[in-house]
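*Asks:* The lines below spell out each chain.
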Amino acid sequence: MSTKLVRKTVPLIITFLVGLLMIGQWFLKIPSLNELATSVQQWGIIIAAFAMGLGSVNIIIRNVHRIQKREGTDWLYAIWLLAIFFLFAIVGIGFGSASSQYRYIFNTILQPLSATMYPATLFFLVSAIYRTFKTRTVEGGLFVIVGAIILVANAPVMAATFPFLVSVKSWIMDVELTAAYRAILLGIGLGAIMLGFRVIFGLETTHLGREEET
Amino acid sequence: MASKQDGVWIKLQHIPREILYLLIIISMIVPLLRPMGLPITISPQTRSLFDSLNTLEPADVMLEFVDWSAGSMSFHQPGCIAVSFQAVKRGAKLVFLSTSTEGPLMYELMLEKFQSVFDEADYVYGEDYVYLGYVAGEETARAAIASDIRTAFSSDYYGTSLDEIPLMQRVHNYADYSMIISYTMGSPESFVRQFNTQYGVITHIHCGEMMTPTILPFWASGQITGLLNGGVGAAEMEVLVKRPGDAVKLTDVYSFSNILVFVFLIIGNIGFIMQRRKGE
Amino acid sequence: MISTDPSIWVMAFFTIAITSLAFRDNPLAKFAEHTFLAAQAGNLITMAWRNIRSIGLQPLMKGSMTMLIPLLFGVALYTRYSKRYIWVSRYPTAMMVGIGTGVTVRAFVEFQFIQQIIDTFKPLNSFNNIFFVATVVICLTYFIYSLTPKSPALEKPMSYVTRLGRYLMMIAFGASMANTVITRVGQYAGRIMFLLYDWLGLG
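In order, the protein sequences belong to chains A, B and C.
Counting in this note's numbering, the first sequence runs from 1 upward without gaps.
Counting in this note's numbering, the second sequence runs from 1 upward without gaps.
Counting in this note's numbering, the third sequence runs from 1 upward without gaps.
I should point out that these hints are in silico values taken from the structure, not numbers from a laboratory.
No experiment lies behind these values; they were computed from the predicted model shown.
Cβ coordinates follow ideal geometry from the N, Cα and C atoms, glycine included.
Incorrect hints may have been included.
In the BS3-like style, the derived pairs of lysine-lysine whose C-alpha atoms are separated by at most 25 Å in a straight line are [unchecked claim]:
| # | chain 1 | residue 1 | chain 2 | residue 2 |
| --- | --- | --- | --- | --- |
| 1 | B | K278 | B | K242 |
| 2 | B | K113 | A | K134 |
| 3 | B | K242 | B | K11 |
| 4 | B | K242 | A | K134 |
| 5 | A | K69 | C | K62 |
| 6 | B | K242 | B | K113 |
| 7 | B | K89 | B | K242 |
| 8 | A | K4 | C | K83 |
| 9 | C | K156 | A | K69 |
Some chain B residues judged to face chain A by a derived CB distance under 8 Å, without partners named [what the hints assert, rightly or not]:
| # | residue |
| --- | --- |
| 10 | G126 |
| 11 | G186 |
| 12 | T251 |
| 13 | I273 |
Just a sample of chain B residues kept apart from chain C, beta carbon distances all over 10 Å, derived [stated by the list, open to error]:
| # | residue |
| --- | --- |
| 14 | R17 |
| 15 | I29 |
| 16 | E102 |
| 17 | K113 |
| 18 | R193 |
| 19 | G208 |
| 20 | K249 |
| 21 | I266 |
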């Protein structure tokens, strides 16, 4: 069988057939089609579960290299990283995620880290608001003024002291913002549908990787 | 960096970021140590969710997607507790599940605070509520749950087969869900797509305030029935169900911190405008 | 009273270490970052294994041979680490992309177009409704890049319309920015609550 057929064409056919099956389940209310589509969705769940391991494999490979290189103190962090990774993996798979052991290490280690990592971007946001959001242009001015109004209106003490702020905020959110975002969503929706059909019909092949791998 | 010779307007634009950060932290500590207990205005989106919950009957089954991560636990957990409290008060059956990897442990943490409500209402695990665990696949998993929950779960989180769980014996697909609510910071619209658009299931969302702008158009069109707007929405829900908790405590923090950020924004802009006028 | 539970102290340490990253890069923050990455990856593996076992392996053991297909496809994903067999990983990728795209795209027309457009047809009997419809139309006009009028007489009015669309969107983005602030404040305040109440016992 030709290399290109096996390595590129067949995967594209798979994407096409499976995509069409999902769309068919939506529009054609045929019980047997629905059953087949639901089974394929179940396959998708299992494959997605395997895909979750890809990042972990990458992490292991990269950090083993860091340990082998022994540059500065970098390799010490890599050893610690691998130790924590295997602790979670072994306890999680061995005892199960519902076990008290796994709950303990999750609540003690991952929960505070996860709970702080993304919220800590608040500080960068505050810095950006202070340094970058300036009234250089009309657009910038509108952005700053409305942002300032909503910031104040979001403060319950100000909303209680100046009740009209609640009405102003409601109008901006429920009328102006909803309308503007609706237009944006319509635009995004067009793009998403176009991209989706390009992927299903094989016109978009970036998900298959580089051309040299054919 | 501003120097001694620089005008006050330039100095206003160069406050060290460490000072800004410390002020933000202080603006959170003060109200948490000295709560003010200010009145909370109920938004139409929260009222809509509350009214919808009040239509639940004892035979109804509500799906609750515990999809928050530790990062948004501060408002998602109180929101879930408030909503679940109202559902339990109506006697509805609750099926908890997750499509987020931190969901199972977040559910366990939420249950530590909510178990007493289940006990007071004589709710029995397996008969009145159940937790199914995590399923991979994001929107694919949600689509599978909508069309046949058994394609996504063969047992509950603790390993009991679904067919051995009394509640799950009558829960199979969208036709058996009276309503769903998703507590998520990622892709709330996918729940609307897979449950409401396809099958007309009443769908509620609890997302962070920063996601509300993209979700509001769907609430306005009726595709989402109830919408909790982050921590503010969770506080409103706690007030409506008459169980003020952690979310209400946070509203005082919003007062201080928001005003502080507003001050930073104004100071930065005043400095900029005055500097531009002086032609420096 | 300050907590004597070692796990609370570890949680407080990690919270402060990650927060210190905002001030400046330091060894504690780097240590915490590496711990987070590792724990997150370990948690992913744990949850993935549960799914593979309960939805794939257990039904296979009970005789459902069709489960071999997704299980083999899943294993095939890992051929991406082999230079020679990397193309094999295209099969499971193609299936995942096909399912995901199909499941998302099929709902889009009704979800993001029909319902939204229907709701935009509001009766023009109030200022709010007129403003709403006008805003949607004007903002949509901003996105129609290719609709440049041939007639010079229309070019200037169109440029005003697109500029107005830009202004209206910036108003919406300003409100979004304020919402982002309150979200992050609410999230981080949860950590301050933990430090004050659970660690230092001040609540």
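*Asks:* Take a quick look at whether B/K242 and B/K113 sit within 25 Å of each other, Cα to Cα.
*Replies:* With Cα atoms ~16 Å apart, B/K242 and B/K113 stay inside 25 Å; holds.
*Asks:* Quickly compare the C-alpha distance for B/K113 and A/K134 to 25 Å and report which way the hint goes.
*Replies:* violated (44 Å)
*Asks:* A/K69 and C/K62 were given as a pair; does the straight-line alpha-carbon distance stay at or below 25 Å?
*Replies:* violated (47 Å)
*Asks:* Given the proposed pairing of C/K156 with A/K69, does the C-alpha separation stay at or below 25 Å?
*Replies:* violated (63 Å)
*Asks:* The output says B/K113 does not contact chain C. Does that hold with a beta carbon cutoff of 10 Å?
*Replies:* holds (13 Å)
*Asks:* With 8 Å as the cut and Cβ atoms as the points, is B/G186 at the interface with chain A?
*Replies:* Where the cut-off is 8 Å and the nearest Cβ of chain A is about 11 Å from B/G186, the hint is violated.
*Asks:* Looking at B/I266 again, its CB stays over 10 Å from all of chain C?
*Replies:* holds (13 Å)
*Asks:* If you take the shortest Cβ to Cβ gap from B/I273 to chain A, is it below 8 Å?
*Replies:* holds (7 Å)
*Asks:* Any Cβ of chain C at or closer than 10 Å to B/K249, or is the non-interface label fine?
*Replies:* violated (7 Å)
*Asks:* Under 8 Å, Cβ to Cβ, is where B/T251 needs to be relative to chain A, so tell me if that hint holds or is violated.
*Replies:* At 5 Å from the nearest chain A Cβ, B/T251 passes the 8 Å test, so the hint holds.
*Asks:* Holds or violated: B/K242 with B/K11, Cα cutoff 25 Å?
*Replies:* violated (48 Å)
*Asks:* Checking a non-interface call: every C-beta of chain C should be farther than 10 Å from the C-beta of B/I29. Is that right?
*Replies:* For B/I29, whose nearest Cβ neighbour in chain C is about 6 Å away, the distance does not exceed 10 Å, so it is violated.
This entry does not satisfy hints 1, 2, 3, 4, 5, 9, 10, 11, 14, 15, 16, 18, 19 and 20, going by the numbered hints stated previously.
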